[in-house]
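J.: Protein chains in written order, with the numbering used here: chain A, 1 to 172; chain B, 1 to 98.
The set of hints was computed from the structure by calculation and includes no laboratory data.
By construction, the Cβ of each residue, glycine as well, lies at the ideal position given by its N, Cα and C atoms.
Just so you know, not all the hints are guaranteed correct.
[Stated by the list, open to error] Example chain B residues on the side facing chain A (calculated, C-beta under 10 Å, incomplete):
1) H3
2) Y41
3) V42
4) L78
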Amino acid sequence: MMEFIVFLGVCFMFGGLAVASNPSPYYGVVGLVVASAAGCGWLVSLGVSFVSLVLVMVYLGGMLVVFVYSVSLAADPYPEAWGDWGVVGYGLGMGLVIVVGIVVGVGQEWLVSGNTVNNEGLLFTRSDFDGVALFYSWGAGLFLIGGWGLLLTLFVVLELVRGLSRGAIRAV
Amino acid sequence: MSHLHLCFYSAFVLSGLGLAFHRTHLISALLCLESMMLSMYVALAMWPIHTQTTSSNLLPVLMLTFAACEAGTGLALLVASTRTHGSDHLHNFNLLQC
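The shape of chain A in the complex, shown without the other chains (with noise of 0.2 Å):
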């Protein structure tokens, strides 16, 4: 079970790899959609399937859906993909940043990680349910500083892209 968990955790970091040897727009989408679902199947082999479930709907179907909209304002006529040899290059020297981590930990012998969260018998819920819960009674105040940030988000958007007459950003 925990070779799968560390599989996971290697496709996790991959993902990040993709991401960050700037490929084109189109195919770096496919390498954070990679990593976020490796980080979502990671996060329910340990047990935490409540905030797993939050980053699939809120971070793959809500925030990876609109950057997939919008890399079409990034099209070129000839995407640079993975076996570019610029992107190999990029790809490349960022994986020596895996091999020193590996150098690293193997160094002082990995310390073993495995423990999980779960509660027995039919009626009880795991431990993520009933912290994420405490948005709506200790944590309310949290709540409503979240919603205040994400209302003004809103607006802040709204006025950055108007830009007829009187935008925050506009050259001519």
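With chain A held as given, fit chain B onto it using these hints.
T.: Using the frame of chain A, we list chain B on its own:
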């Protein structure tokens, strides 16, 4: 350091390097920023698993809220810059001339 910690630490550092060594498109830099947010989310979700304190499960969800705000603002900046400069190539953004 545990091997699971290596995975999200190195994903964070790799995305930070990808943000620093950006090439042509502004949106690839924004995608690297999103990847940093993702690795921070996974790191914050790991913490209550290791320490078995349930109240810390609040933090990844709160962080995702503000990451969504930041992604929306970054994309609005991308749209505004693309409408002004015609494309999102970073070498065209030379109004500061430095």
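J.: None of the hints should be skipped; say for each whether it holds.
T.: Evaluated hints:
no. : hint : verdict
1   : H3   : holds (5 Å)
2   : Y41  : holds (6 Å)
3   : V42  : holds (5 Å)
4   : L78  : holds (6 Å)
Hint violations for this structure: none, all hints satisfied.
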